[in-house]
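A.B. asks: The primary structure of each chain is shown beneath.
There are 2 protein chains.
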Amino acid sequence: MYQPTVTEENYLKAIYHLSNTGTKSVNTSSIATSMETTAASVTDMLRKLSDKEWINYEKYKGVKITRKGEKVALGIIRKHRLWEVFLTNILEFEWDEVHNMAEELEHVSSEELIKRLDKFLGHPKFDPHGDPIPDQTGKMESHDKFNLSAGEAGEKYIITGVTDHSTLFLKHLRKYGLLPGVTVSIAEIMDYDKSMLVKVSKDKFHLSLEVSKNILIKKYVSSK
Amino acid sequence: MYQPTVTEENYLKAIYHLSNTGTKSVNTSSIATSMETTAASVTDMLRKLSDKEWINYEKYKGVKITRKGEKVALGIIRKHRLWEVFLTNILEFEWDEVHNMAEELEHVSSEELIKRLDKFLGHPKFDPHGDPIPDQTGKMESHDKFNLSAGEAGEKYIITGVTDHSTLFLKHLRKYGLLPGVTVSIAEIMDYDKSMLVKVSKDKFHLSLEVSKNILIKKYVSSK
DNA sequence: TTATAAGTTTAGACAAATCTAAAAATAGTA
DNA sequence: TACTATTTTTAGATTTGTCTAAACTTATAA
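Chain order of the listed sequences is A and B.
Numbering-wise (numbering that gives the first Met the number 0), the first sequence opens with residue 0 and increments by one.
Numbering-wise (numbering that gives the first Met the number 0), the second sequence opens with residue 0 and increments by one.
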């Protein structure tokens with residue numbers, strides 16, 4: 000119906016993420032924080048997004064994304080994650096370097112371009128951070144991830160993703176070789192601060208709760 | 000010094016092209032035509048570009064691009080042409096399909112991205128339309144092109160580019176296999192309308208002056 | 001339950017890029 | 001040269017996305 004502007008696309012993406020990630024309701028101030036702007040600006044934009052039927056919005060009552068809005072958001076997320084795969088796999092950037100470039104590339108409008116990029120990359124299912132890539136209809140895989148901080152001593156896990164996508168955090172993980180696909184065994188969990196001693200291939204090291212909380216894992220299954 | 004906006008980048012690109020292409024001076028109305036906007040809007044923008052020292056501008060006296068402005072323009076042109084190579088060589092688009100996508104991709108800001116893209120593509124010297132790609136310092140090859148309409152009967156030439164970049168024209172040329180690199184012999188030039196009978200591999204066909212005027216060629220050299 | 005705090009919206013303003021209509025400057029021509 | 005036509009600029013508005021400060025609503029807690 001309407002063609003969203005770049006700003007509208009970014010708001011819808013933020014609202015989509017807030018709807019699915021946090022447990023709190025999607026309110027004006029949480030959007031303001033995630034968009035790094037003021038509550039007043041958000042209110043203005045919510046009216047516009049509501050007029051275009053991408054969200055349901057009632058004053059003082061918070062926001063719910065509509066089917067239409069979700070479709071826009073998933074389209075942008077698809078583009079973002081495909082470009083991230085391109086940047087790491089083809090142009091050989093590190094996983095902590097690609098986010099800002101993908102933030103720009105995701106707004107390039109051609110659907111045909113993204114279709115061909117997807118094909119060229121071999122229809123990847125996950126981006127370099129382990130996040131699933133929606134297909135053209137918006138569907139995506141979602142394996143039952145949980146936090147490394149909820150893992151048990153003596154168990155073996157595979158890293159599937161992260162919840163903190165900041166460059167600082169990703170760089171930190173890269174230093175330890177903690178990338179999606181890597182196997183981690185928990186040797187010990189400290190009672191005092193919930194920090195853990197982990198083993199990755201032949202290295203052993205300490206992870207704070209702050210770090211383990213932001214790493215997503217699945218159970219290690221030996222065969223296949 | 001200043002970071003140009005997308006609009007400023009597009010104005011500088013247009014002014015650069017007008018400075019180098021046409022013989023007429025770069026005046027307000029020619030910029031307005033090429034930017035598909037009004038003379039009033041152009042005047043406003045010229046003041047801004049002048050404030051930022053990308054052009055020298057005197058009221059009613061027309062415009063001259065500065066070194067700084069030329070550097071900005073060449074950076075955009077470099078990005079545009081590298082993305083065009085990517086779209087045709089890697090994503091297998093036709094040469095008449097890539098322009099609009101490249102118009103968006105050229106404004107993605109990362110210098111490192113374009114450096115790696117250039118490397119990935121094998122440091123190409125020309126884009127799919129035969130236009131030279133500036134290097135990081137703004138230098139580019141410029142072989143002595145001339146118009147096919149200035150060619151002589153009985154002579155053999157190699158297509159090096161086009162002067163009309165419209166989809167309509169490029170599609171027309173593609174139908175005849177008239178692409179950069181292809182060899183063309185002029186069999187006959189009609190006195191009446193300056194149309195020409197040309198031979199391309201085994202095909203023979205007629206080209207109007209309208210068409211031949213927009214094809215760039217160089218002399219065919221048999222060895223090497 | 002009422003006072004206060006927290007969160008949200010409105011009002012009014014601004015910068016960027018654009019427009020139309022009118023005024024001013026330059027160019028072309030008799 | 002002087003008149004007219006063309007080109008360019010100015011003036012005043014508009015749209016998008018933003019801001020601060022003030023007003024308003026909802027939540028919290030004595």
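Possibly wrong hints are sitting among the right ones.
It does not matter which identical chain is meant; a pair holds if it fits inside one copy or across any two.
With a straight-line Cα cutoff of 27 Å, these simulated DSSO-like cross-link-like pairs (lysine-lysine) come out [claimed, not checked]:
id	residue 1	residue 2
1	47	58
2	118	170
3	114	174
4	138	114
5	155	118
6	114	170
7	70	170
8	203	144
9	217	51
10	51	124
11	47	60
12	124	60
13	60	114
14	155	51
15	193	60
Calculated directly from the structure, the hints in this document are not laboratory data.
A.B. asks: Now tell me if each hint is right for this structure.
C.D. replies: How the hints compare with the structure:
In this homomeric assembly, residue 47 and residue 58 come within 27 Å of each other (Cα to Cα) only inside a single copy, at 13 Å, whereas the closest approach across copies is 40 Å. Taking the shortest Cα distances, residue 118 and residue 170 sit within 27 Å of each other only across copies (24 Å), while inside one copy they are farther apart (29 Å). In this assembly of identical chains, residue 114 and residue 174 lie within 27 Å of each other by CA distance solely across copies; the values are 25 Å between and 34 Å within a copy. Taking the shortest Cα distances, residue 138 and residue 114 sit within 27 Å of each other inside one copy (15 Å), while across copies they are farther apart (34 Å).
Proximity of residue 155 and residue 118 under a CA criterion of 27 Å is satisfied in neither setting, with 34 Å inside one chain copy and 40 Å between copies. In this assembly of identical chains, residue 114 and residue 170 lie within 27 Å of each other by CA distance solely across copies; the values are 22 Å between and 30 Å within a copy. Proximity of residue 70 and residue 170 under a CA criterion of 27 Å is satisfied in neither setting, with 32 Å inside one chain copy and 33 Å between copies. In this assembly of identical chains, the alpha carbons of residue 203 and residue 144 lie at most 27 Å apart only when taken from the same copy (23 Å versus 64 Å across copies).
When the C-alpha separation of residue 217 and residue 51 is checked against a cutoff of 27 Å, the pair qualifies neither within a copy, at 39 Å, nor between copies, at 54 Å. Within a single copy, residue 51 and residue 124 get their C-alpha atoms no closer than 31 Å, and across copies no closer than 46 Å, so neither meets the 27 Å cut-off. In this assembly of identical chains, residue 47 and residue 60 lie within 27 Å of each other by CA distance solely inside one copy; the values are 16 Å within and 43 Å between copies. For the homomeric pair residue 124 and residue 60, neither the shortest alpha-carbon distance inside one copy (36 Å) nor that between copies (58 Å) is at most 27 Å.
Taking the shortest alpha-carbon separations for residue 60 and residue 114, neither the intra-copy value of 38 Å nor the inter-copy value of 48 Å comes in at or below 27 Å. Taking the shortest Cα distances, residue 155 and residue 51 never come within 27 Å of each other, neither inside one copy (48 Å) nor across copies (59 Å). Taking the shortest Cα distances, residue 193 and residue 60 never come within 27 Å of each other, neither inside one copy (38 Å) nor across copies (73 Å).
Checked against the numbered hints given earlier, the structure breaks hints 5, 7, 9, 10, 12, 13, 14, 15 and satisfies all the rest.
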